[in-house]
Amino acid sequence: MTEPRLETRALGRSFGALKAVQNIDFKLEAGARHALIGPNGAGKTTFINLLTGVLPPTTGSVLLAGRDITATAQAERVKLGIARTFQINRLFRGLSVLENVCIAVAERVGAAPAMFYPAGRRADVIEESMRLLETLKLADVARRRVSELPYGRQRLVELAITIGLKPAVLLLDEPAAGVPSAESHIILDAIEGLPKDIAVLIIEHDMDVVFRFAKRVTVMVGGAVFAEGAPKEIEANPQVRAVYLGQAGHGAGRQADHA
Amino acid sequence: MTSRVMAAIAAFAVMTVTATAATAQEVKVGVILPYTGVGAELAQQIDRGMQLYLKLNADQVKPYTITLIKRDSKAPDGAAAKVAVQELLTQDKVDALAGWVYSPDAIASAPVVNAGKKLAVIMNAATSFITNLSTDYVRTSFTMWHSSYALGAQAATTLHAKTAVVAYSDYPPGRDSLDAFKNSFEANGGKVIDAIPAGGPGVVPDFTPFFQRAKDEKPDVLFVFVPAGDHASAVVKTYGALGMAAAGIKLIGPGDITQDIKLQGMGDAAIGLITMGHYNADLDNPQNHRFVAAWKQEYGADSTTDFTAVGGYDGMAAIVHAVQATKGKMDGDDAVKSLLGWKFDSPQGPIMIDPETRDIIMNEYLSEVVKGPDGKLHEKQLAVVNDVKDGCKALAIGPCAPKK
Amino acid sequence: MTITASPAEPAAIVARLDHPAARVLTRRHRWRWWEALPWAAAIGCYFAFPDYLGFGAELLIAILFALSLDLALGYAGIITLGHAAFFGAGAYAVGMLAFYGIWTEPITSLLLAAMAAAVVGLLSGLVLLRTRGLTLLMLTICTMALLQESANMAHDYTGGFDGLPSLPIAPVFGVFEFNPLYANTQYVYALAVLAVCFLFVRTLVYSPFGQSLTGIRENLLRMHAIGSPVRSRLVICYTISAAIAGIAGGLWAQTNAYVNLSAFDLDRAAGVLIILILGGYGRLYGAFVGAIVYLALEHFLARIYPTAWQLGLGLLLVLIALFARNGILGLGEALWRRYGATLSGRYRAGRAAS
Amino acid sequence: MDFATNFASILLGGLSAGTVLFIVSVGLSVTMGLMGFVNLAHGAFAMFGGYIIVLAMNRAHIGFTAALALGFIATTAISVLLERLLYRRLYRAGELDQVLFTIGLIFIFMAVIVIVVGPESQQITLPPALRGQLNLGFTQYRTFSIFLIVVGFLTVTGIWLGFERTRIGAQIRATVDNRRMAESLGINVDRLFTITFAFGSGMAAIGGGLGAEFLGLDPQYALKYLVYFLIAVSVGGLGSVVGVYCASLLLGVLDFMLKLYVPKGGTIFIYALTILLLLWRPQGLFGKKET
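Residue numbers (this note's numbering), protein chains in the order written: chain F, 3 to 261; chain V, 65 to 468; chain U, 52 to 405; chain C, 101 to 391.
Same shape as in the complex, but just chain F (with noise of 0.2 Å):
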C-alpha cells in the first residue's frame, strides 16, 4: 500500500483570531511510531481533535488510507479504525473495568444497537474483552469498578477500550499524564506490546517516554509543525533544544491545550 495510514494536508483551525493549528501537513504510515511534542498551548491536542473529528477544520484536509474524511463525523471516523486516548481519563467510572472494554467491543462489532436479547448472551464480545484485559495484565482488576482503581491502571483502561477497537490508527493522548512514575512503565510496557501494523500517533512531554517509544518526532510550536525528524536528530537539534526540550515537563495550565 503506497498511500499512507493518516495524512494532513494544509490542516488548519482558528478560535476566532487565535491560530491553534495552522497549515499542517502531517502523514502517518502504517506500523508508524509518532512521537508528537511541543510546549503547551503548542496545539497539539487541537490536532488530535481534529483528526478524530471531535473538531472541523476551517482550512485543509484530513485523509484517511487516502480517502477524504475531512467531513467525515466522529463516530464515522471510529468505525473507520481511527481511535484515540484522552489526556484525562474519560471512563465509565460506575462501572466494572471489564464492563469498560465491552461496551467498546460491543460497539465495535455491532452488537450495541440490538434490544431484544441480553448482553450477557454475546460470550463472543465478554470473551474477547476479557482476553485484552489479560494482554494487559488487568484481569485481576476485572471485576473491580473503575474508580476503585489507582490511576495508573485506570490510564490502562483508557488504553483497553482504545485497543479494543482493533484501530488501524491509534491517537495516544498523553498516554502517562499523571501516572506516578512508579507505575509508568506499566502503560509503556502496553503501548510496546501493540499490535506492530497499527499506526500509533503519540503526545508526550515526557521526553524518556518519547525517545524509548518513537522512530519518529514532530515538533509543533504555535500551532505549527517546527520540526520533523529521527528522534536523534530532534534532541541534536538546537533550536528545538532552545524551544522546547529546555522546559520540558508536566507543566500546569495544561487546560490551554484543550480548545
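Calculated directly from the structure, the hints in this document are not laboratory data. If a hint is listed, it holds; no wrong ones were tucked in.
Interface residues of chain C toward chain U, partial, derived using beta-carbon atoms under 10 Å:
#1 I203
#2 G204
#3 F207
With a cut-off of at most 30 Å between alpha-carbon atoms, the simulated DSBU-like pairs for lysine-lysine come out as follows:
#4 V/K282 - C/K364
#5 V/K255 - C/K364
#6 V/K246 - C/K364
#7 V/K279 - C/K364
#8 C/K364 - V/K314
#9 C/K364 - V/K226
Using N, Cα and C, we set each Cβ at its ideal position, and we do this for glycine too.
Please arrange chains V, U and C on chain F, whose structure you already have, making use of the hints.
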C-alpha cells in the same frame, strides 16, 4: 399563631375520634375538599360553614349525630377526589357525600357517585353541567350563570350600559360567565365589544396588559370574571392603578371578585365596584346576622363569612333535612327525592332546590362596594333579582342540556 | 443459556468466561428469586385489601410511569422534568377517541396511546436532546407546558380545564367491565399492563442497547470516542420511554373514565421524578419502591392530617436525600454491601455510586 | 390611543413584571452557577420572606421599609442556618439527590406555613405613596411598577458593582468561571457559597414581598412560580447577574406585549419564547459555553 397550632392538633384529634365513635343514630358524611393546595382557603371556609351549621342547629339534627369524615382532594386533577369518594363509599360506608371545590373533581367523581347511590351535595364546584353527570348530585352553591346572567340584564337596565368589554380567566367558569353575561346583556340591547381571556386560574397573571387593552376600547363597563382570591384582588388593584374609573369605565362582575374574605385587603381601590352575587356578609336578614355573629365569635373577629362559607352552611342544612326526611336511613334515591323542591331560609335569603335540575334557585343581589362609617369596606345593595335559576340549563345550552 | 457451556470451546475461552467479572455480565439478566416478590405482593394485595383497589390501580399506574422515566433518566441519564408531556399525550389519545365514540376498546387504545406519545417523544427528542443539564430540564418543562396550554386553548375538543367526563370505555376482552366503585377490573388490568411493560423494559436495559445507554449516562464523550451514535441512541431511548409513559397515561384515562389538563401538570412530572429518585433510579425496581412508599405515605398521611400532610412527606424526602445516596434502594444496597456483599451485590453497588 | 403612550405602557408593565422575576431569581442564578447546586427550594425562601414582610406589616403594623429589612434579615438568618446544617452535606451529592432534598424542603415550608399562618393567601397593603398612578410627563403609569423598575435597576447595578469592585465579587466570578481553578488558587468556595446563598435568599425574600402585589402570597407560592424562576435563570445563563436581569426584563416585556395584542395565547408565549431562546443559545444569553 399558637392557637392555630392548637386548632390543627384539635382538628386532628377530633377527626380520629369521630372516625371511631359510632352510634346507632350516627350519620356519616364524607367530605371531599382540597384541604391543601390552591383551594385550601375555600376548603377552610366551606368546612367552617358546615361545622357552624351543625353547631347553630344542633336541635335540628337531633336525634341523629352527624359525623364528618374529611378527605383531602389535593390538586384539582380529579384523581385524589375520585379515589377519596371511592374509599368513603366502600370503606367508610358513608351515608352522604359533600364538598367539591373544583369542577374537575366533581366531574371525575361523577361515575363513582353514580355507582355509590348516595346523596352527594356539591358545595362549590360551579361548572353548570356537573349536575347532569349524576342523578345523586345536588348543588347548594352556584353556577356562573346565576350571577353573570342576572348581571347581564342589570348592566343594560339598572346601570344603563351600552357597551361592555369582558375579561375572564380562560377556564370553564370564566367562559361560562362570558357566555351568560353576553347572552343576557345583548338580549337587553347591550353590546359586548371585546372578550379578553386574561390568563388561567393557576397562576395570578399581571392584569395590566389586558386592562390596558380594555381601557383603550373605552366601554361603559368592564365585566371581569376571575377566581376569587388573589386574582380578584389583583384585578381590583390593577383597575385602580390604571385609573379606569376616572376614564369612566365601571368595573362589574360576579360576586366572586368581591369575596368578603378578600374585600378589606383590596383597599379603597375596590370602592364603587359593582357585583352581582348570591351572598355577601353585609346582607341584611336575620338569618345572616345570626350566621355572621356566630362566625366571628367562633373563628375570630377579623375572619368573615363569604359565599363559599354559605355554600357549606346551606349544604349541611340540605343534608340534615334529608337525614330527617329519611329517618336517618339516607337511602340515596329517597335522600335526593326529599330535597327536590326543598325550601330553606338561608343566610343568603330564601333558597330552593330545582326539582328538575337538582340545582339551586336563589336570589342574586346587585351591590356596590362602599366605605362604611367604621372605615371598612361594605356591600351596599342596589337591586335584588329573585329566584334565579341556572340559566345554562334553563336555556339548555351546549353540555348543560340535560342528558336523556 | 450461552454457547459457553458447549464442550467444543477451547478451555481458555471457557476459563475467561468463567472469570468472576465475566460471570457477572453473563448472568446479570437472569431472574433472581426476589424479583417474584413485587408481583406476589401485588396479587396478594388484591385479596388482602379489596377496598383499596382503586388506590391500588393509581399506584400501579404511577409505578409504570416511573418505570418509563427510569429508562430515560436512570439508564440514559436524560434528566427531564417534562415527562408528563407523554403521559398527557397518551391520556388524551385514549380520552378523545373514547369520548367521541371513535374507539373504546381498551387494549388497542393503549397501543394508540403509546404511538401518540412516541410521536411526541420522537419529535421533541430530535430537537431537545442536543442539549444537556439545566437547559434540557427547562426545555422539557416548557414543551410539556406548551402541550398543556394548547390542550387548554383547544377546549372545544379537549374540554379544557374540566376535561372530558364519563368516558365510555369498553369492557376488557369484551367481558370485564370497569366498575367505578369496586376497581377490581381496573386493578388487575393495570397490573397486567404493568407486567408486560416491565418485561419489555427489563429486556431492554439488560440488552447491549441498554448497556450502551448506561455508557452514555456514565460518560458521554467516551461514547462518542468509541464511535457510538449517541444522539440517535438517546432519541430512540427517549421515544420508547415516551411510549411507555403514554401507556401509563392511557391507562390512567381508562381506569378513571376521565381525562383533564392535569395529565400534563408539572406536579405530575415532578411527582414521578421524586418517586423515582426516592426509590432509586437506574435500577428497575426503584420505580416500585418509590411509588409505593411515596403514594402510600401521602395517601394515609392526608387522611389523618388533611391540611398539612406535606410535612411528613417533606421530612421523608429530606432525610432520604441526606442519609441515603440514590434513594431507598441505594440505602438498601449500601447496607447490603456493609454486611458482606455477594458478587452481584457488589456489582450493583458499583452502579449505586455512579 | 397614540402609539407612544401605548408603547410606554407596554415597556413599563413588562419591565416591572420582569423586575420582580429578577429580584427573586438572581440569588438562584449565582448559587447555581457557583456550586452547580440545584436549589429548587429557592422560591420557598422568597415565600418565607414574603410572609415575614406581609405579616409584619399587616399584623405587627411595621412600616414598609422596616418590614422589607426584617424579611431580608430573617430569611438570610434561616438560610444560613439551613445551609450550614443541611445543604452543606449535599454539595458533592448528585443533582438528583439535591432535587429530592430541595423539593422535600419546599413541602416542609408549605406545611409549616399552613400550620402556623393558615392556608389563606396574604394581601400586601402598600404605603399610600406607592399606590395609584404617577405622571411621567409622557404618560401616566402605576406608581408601584415604576418604583419596582427603579429598585430593580439599583439592585442590579449594586450587585454588579459588588461583583466588579469587591474582592468577594472577584472570587465569585473566578469560581463561577472555573471552580477547580479557584479552589486551587486557595479561594474558600464553601465560605463564598454560604455568603452568596444567604444574600441570594435575602434578595428572594425582598422579591417575595415586593412581588406579592402582583403574584399574591400563599403556601403554594414556592411551587407555583418555581418554573418562572428557573426560566429566568436558564435563559439568563447560570451565574450571570446581568444575564438574569436581561432575561427577566426581556421575558417580561415580550410576554406583556404578546398578551396585550394576542390575549388568546394565554401563557403559551413565555414557554415558546424560552424554548426558542434556549435552542438558540443553550448556555443562556450570558452563560459560559458548556454547562
